[in-house]
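Enquirer: Take 1 as the starting number for the sequence shown in this note's numbering and just add one per residue.
Check before you lean on any hint, since a few could be wrong.
[Claimed, not checked] Listed next, the in silico EDC-like pairs over lysine to aspartate or glutamate satisfying Cα-Cα at most 16 Å (straight line):
| id | residue 1 | residue 2 |
| --- | --- | --- |
| 1 | Lys124 | Glu143 |
| 2 | Lys50 | Glu35 |
| 3 | Lys159 | Asp59 |
| 4 | Lys107 | Asp59 |
| 5 | Lys159 | Glu35 |
| 6 | Lys124 | Asp67 |
Don't read these hints as lab results, they were simulated from the structure.
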Amino acid sequence: MRTFTLILSVLAVVLCGCRSDVPTIPLSFYTVSEEKIDGGQYIDTSDFPKLGYVATTPDLVITRLADVYQTEPQAGVIIGGKLVSPPAGRSALGIELRPDDAQKLSKFSEQIIGKHLLMMLGEKPLMAPGVQAVLTTQRLLLEFPTQAERDNVRSELRKLVR
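Could you put the whole structure together from the sequences, leaning on the hints where they help?
Expert: Encoded structure:
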């Protein structure tokens, strides 16, 4: 009987100790508006100068990710008919959404074609692409000016992978 009680006690400590009560910061998606939104906030940072207004509550919140992985920045973009390489030293992260969240993002993007979509991690804006078509992917690419910034965001995003 003593052995059984000891085993149950150890098991209870192990199970309770494995539970994480550390809050994670969710990914939040907002529709950006050029018009002022009552109670909303104006996004004007060095990375997103005079972006626009967002509501106080996000349009979509994602609290779990399938994966976060280091990747390479885009090889380049075509601007004015010329291929322009990304600036040297840039770093990138790939984010893989769970299928149900990818579907939610797709439905949301359908409603905001022609507008900007702001993705934030807590209070930190991560990207704000213009939505030109319905987003139909589970994978997103985030580019950062430095590896240090990428690593900080990566550590927070890894907390959403379960």
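Enquirer: All the hints need checking, so say for each whether the structure fits it.
Expert: Now the hints, each set against the structure:
no.: 1; hint: Lys124 to Glu143; result: 14 Å, holds
no.: 2; hint: Lys50 to Glu35; result: 12 Å, holds
no.: 3; hint: Lys159 to Asp59; result: 22 Å, violated
no.: 4; hint: Lys107 to Asp59; result: 11 Å, holds
no.: 5; hint: Lys159 to Glu35; result: 34 Å, violated
no.: 6; hint: Lys124 to Asp67; result: 20 Å, violated
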